[in-house]
Amino acid sequence: MRMVSLRVALIALIPLRACLGAADTQPQKSCEELQKTAFTDEIAAANDGRYSKSNTGAVLRAAIVNVRALKKIAARCAAEGKADVAEQARLSIAGAVNANFALFLEFLGYRQALSDLEEKRFDKQVGASTSGGAGTTSLTTKGSVPSLLGFAVENGAMTRSVSGTTITFRAVPWDVVKALADHDYLASGPTPQPGTLAGVLSQVSAAVSVDASRGNTAGSGAGSTSSSVVPGDKQQVSGYTFHYQILDRRDPRDIHYARLWNTLSARKGLDLANRLNQLAALMRAGVDAVGKPVTAPWVPDFEAWRKDTANKLEAASIDDVEKVISAQAVTFKKIVATYPELQAQAKVAAEALSEYFLDRNTGIKKITKAPTLAFDYSVTRQANTNGTVPVAAGATVPASLPDLSNFKLIFAKGFQQGPELTANASFTIFNSLPPGSTAGRLRDGQASLQLDVPLAEIAKTSNMVLSFSGQFVRLLEQPLGAAVIVNTKSVTAKGNMGLVQAKLTVPVKGSGVQIPISVTWSNRTELILERDVRANFGVTFDLDKLFAKP
Amino acid sequence: MHIVDGSTFTVASQEHVTVDIQKTTAPSLATVSGLIGAAWAPKPAPAGLVAQGAFDAPLAANSIVTFTVVFDFVPDATGSFLPGDEYVVTICGRPTEPTRVETVGPPPPQTRTYLFTVV
Numbered sequence: 001m002r003m004v005s006l007r008v009a010l011i012a013l014i015p016l017r018a019c020l021g022a023a024d025t026q027p028q029k030s031c032e033e034l035q036k037t038a039f040t041d042e043i044a045a046a047n048d049g050r051y052s053k054s055n056t057g058a059v060l061r062a063a064i065v066n067v068r069a070l071k072k073i074a075a076r077c078a079a080e081g082k083a084d085v086a087e088q089a090r091l092s093i094a095g096a097v098n099a100n101f102a103l104f105l106e107f108l109g110y111r112q113a114l115s116d117l118e119e120k121r122f123d124k125q126v127g128a129s130t131s132g133g134a135g136t137t138s139l140t141t142k143g144s145v146p147s148l149l150g151f152a153v154e155n156g157a158m159t160r161s162v163s164g165t166t167i168t169f170r171a172v173p174w175d176v177v178k179a180l181a182d183h184d185y186l187a188s189g190p191t192p193q194p195g196t197l198a199g200v201l202s203q204v205s206a207a208v209s210v211d212a213s214r215g216n217t218a219g220s221g222a223g224s225t226s227s228s229v230v231p232g233d234k235q236q237v238s239g240y241t242f243h244y245q246i247l248d249r250r251d252p253r254d255i256h257y258a259r260l261w262n263t264l265s266a267r268k269g270l271d272l273a274n275r276l277n278q279l280a281a282l283m284r285a286g287v288d289a290v291g292k293p294v295t296a297p298w299v300p301d302f303e304a305w306r307k308d309t310a311n312k313l314e315a316a317s318i319d320d321v322e323k324v325i326s327a328q329a330v331t332f333k334k335i336v337a338t339y340p341e342l343q344a345q346a347k348v349a350a351e352a353l354s355e356y357f358l359d360r361n362t363g364i365k366k367i368t369k370a371p372t373l374a375f376d377y378s379v380t381r382q383a384n385t386n387g388t389v390p391v392a393a394g395a396t397v398p399a400s401l402p403d404l405s406n407f408k409l410i411f412a413k414g415f416q417q418g419p420e421l422t423a424n425a426s427f428t429i430f431n432s433l434p435p436g437s438t439a440g441r442l443r444d445g446q447a448s449l450q451l452d453v454p455l456a457e458i459a460k461t462s463n464m465v466l467s468f469s470g471q472f473v474r475l476l477e478q479p480l481g482a483a484v485i486v487n488t489k490s491v492t493a494k495g496n497m498g499l500v501q502a503k504l505t506v507p508v509k510g511s512g513v514q515i516p517i518s519v520t521w522s523n524r525t526e527l528i529l530e531r532d533v534r535a536n537f538g539v540t541f542d543l544d545k546l547f548a549k550p
Numbered sequence: 551m552h553i554v555d556g557s558t559f560t561v562a563s564q565e566h567v568t569v570d571i572q573k574t575t576a577p578s579l580a581t582v583s584g585l586i587g588a589a590w591a592p593k594p595a596p597a598g599l600v601a602q603g604a605f606d607a608p609l610a611a612n613s614i615v616t617f618t619v620v621f622d623f624v625p626d627a628t629g630s631f632l633p634g635d636e637y638v639v640t641i642c643g644r645p646t647e648p649t650r651v652e653t654v655g656p657p658p659p660q661t662r663t664y665l666f667t668v669v
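Those protein sequence lines, which keep their order, are chains A and U.
In this text, residue positions in the first sequence follow the numbering used here: the first is 1, and each later residue adds one.
In this text, residue positions in the second sequence follow the numbering used here: the first is 551, and each later residue adds one.
Read the hints as simulated data drawn from the structure, not as lab findings.
Some hints here could point you the wrong way.
Chain A side only, calculated, beta carbon under 10 angstroms to chain U, not exhaustive [as the list claims (entries may be wrong)]:
hint, residue
1, Val85
2, Tyr257
3, Ala258
4, Gln278
5, Pro434
Every beta carbon over 10 angstroms from chain A, so not counted as near; a handful from chain U, in silico [claimed, not checked]:
hint, residue
6, Met551
7, Glu565
8, His566
9, Gln572
10, Ala591
11, Pro592
12, Gln602
13, Gly603
14, Thr646
15, Gln660
16, Thr663
Note that beta-carbon positions come from the ideal geometry of N, C-alpha and C, so glycine has one too.
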């Protein structure tokens with residue numbers, strides 16, 4: 001077994017970063033727009049590390065996000081003369097802190113920090129899934145696809161010796177239509193109801209792959225070392241795929257989980273709400289759980305803290321909000337620490353809070369690990385659309401090569417601890433056979449298995465994922481459908497082929513960009529001229545994450 | 551009903567107070583506590599994206615009524631929240647008096663305690 005290729009995706013992040021940074025210079029949002037997006041805008045800003053970076057900031061993030069958003073809404077709406085909206089937002093600012101008791105239970109250290117699922121999903125297939133396409137970095141196709149639009153550029157070849165670049169565009173037509181119609185893709189919520197036409201259409205995606213090394217454009221031919229340019233030459237279409245998601249219930253908002261959330265609310269949620277209410281009644285009004293007055297020397301201290309918090313938040317600039325909330329949290333902690341009765345009640349509420357979020361987060365984890373099943377039909381174009389064959393340096397090919405059709409079933413299942421297993425089973429046929437050929441239409445049968453293991457989070461990045469995969473291919477006919485000479489070797493051998501791959505995928509936090517680095521071994525390497533290691537550049541880009549940003 | 555601050559109100563003796571909690575996108579996961587100092591009639595129970603309830607303030611002056619709402623937001627498969635995914639809480643007493651409209655956005659945990667004093 002020899003090493004076939006090392007694929008390192010070192011991408012030029014500067015243009016992407018510049019593009020993302022441009023969001024800061026966008027025109028100011030209107031009052032109406034801010035009412036819709038201010039909260040998620042602020043969450044995105046916090047996720048990008050613009051604030052809430054300290055441990056205290058992270059614990060108090062829920063309040064910081066709401067106060068910053070409400071301050072922006074209040075200011076903008078007042079400027080537009082919408083006094084009612086502005087006044088209600090202004091009134092809500094203090095309440096996001098001094099009426100939000102759950103926040104302080106976490107700050108007091110009575111419960112563990114909430115788990116966050118952000119950007120930890122790694123089951124989406126963004127790059128090409130066509131089996132013969134140049135440049136795909138994956139041996140195993142993943143079951144889910146980005147719901148809006150995936151854009152992948154992956155450079156290199158696994159079964160060809162050319163330095164090809166494949167760019168894959170993938171879209172869910174239903175979501176694209178909705179995005180264009182609504183101008184607000186995400187606000188329309190999760191997938192439509194199952195059983196309806198919309199439900200079926202939303203499970204279909206399509207992709208087209210463009211190989212920049214093909215076509216008639218000078219400088220982008222096979223074997224070229226020039227930059228990867230896609231001039232739109234139709235000869236560069238190297239394949240297309242239709243994907244149908246037979247089963248995918250990994251969205252916690254899916255209607256199938258309504259009962260789960262209702263049960264959570266009716267049991268642990270109600271207990272939490274009652275415990276917090278009892279704590280609030282004791283702290284604010286000095287009454288017990290049935291409304292009976294008790295000795296409550298802390299009430300003046302707490303009321304003074306509430307008013308002080310409101311005044312300071314009102315006076316604070318947006319940039320000072322985190323500082324004010326952090327300081328007020330410390331004062332709150334001192335008040336509670338002074339009175340053992342309050343500590344006891346706070347601990348009871350904290351237990352209810354922990355139990356609620358334990359159930360909630362366990363439910364979400366379970367949902368995001370649910371099994372998925374999908375079917376892929378993909379066509380690999382071995383010839384240009386005008387019938388000519390892209391010829392790599394050192395290759396001798398016949399006048400035409402048949403296109404390939406691949407039929408694939410994709411199954412995936414996650415495990416509670418994090419790893420995810422994906423299995424593929426497929427077969428490939430020749431779409432046509434050369435005149436006089438005695439070969440059969442069935443080209444191969446394939447099976448592959450991939451295990452994705454999330455690695456510990458590193459500061460400023462999201463979870464890296466280490467993947468191990470293996471693929472077995474049983475070639476029943478010569479692989480390209482006709483005798484082809486590459487690098488003085490005849491590529492006609494039938495038989496078994498095995499590939500093993502190790503891949504590290506590094507997502508860049510907050511950008512939707514993933515950097516794959518992979519090493520692949522195979523028992524057959526006749527398509528590779530060099531015996532040494534190759535390095536390539538590439539980028540995988542999931543626009544779903546960017547569309548979720550302001 | 552008069553608004554003292556964002557979460558504090560004064561109400562008249564036996565004033566009828568209505569509470570309406572509206573979620574903008576599914577699922578709605580707002581949980582309303584029992585009342586301390588009065589009784590819900592009816593208690594806000596979720597029906598789709600809306601939960602509506604009401605109570606009558608106590609007779610005696612200086613009586614206190616409190617309730618707390620836990621507002622949860624269910625993320626999508628990537629842990630993100632939808633833009634515009636918010637709760638809008640509307641609290642009103644006598645129709646001619648000010649209405650409090652509070653917007654609560656993600657991320658969780660978000661809770662709000664409302665306190666009413668009879669004057």
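How the hints compare with the structure:
no.	hint	verdict
1	Val85	8 angstroms, holds
2	Tyr257	7 angstroms, holds
3	Ala258	6 angstroms, holds
4	Gln278	7 angstroms, holds
5	Pro434	46 angstroms, violated
6	Met551	13 angstroms, holds
7	Glu565	17 angstroms, holds
8	His566	19 angstroms, holds
9	Gln572	13 angstroms, holds
10	Ala591	16 angstroms, holds
11	Pro592	15 angstroms, holds
12	Gln602	16 angstroms, holds
13	Gly603	13 angstroms, holds
14	Thr646	16 angstroms, holds
15	Gln660	6 angstroms, violated
16	Thr663	4 angstroms, violated
This entry does not satisfy hints 5, 15, 16, going by the numbered hints stated previously.
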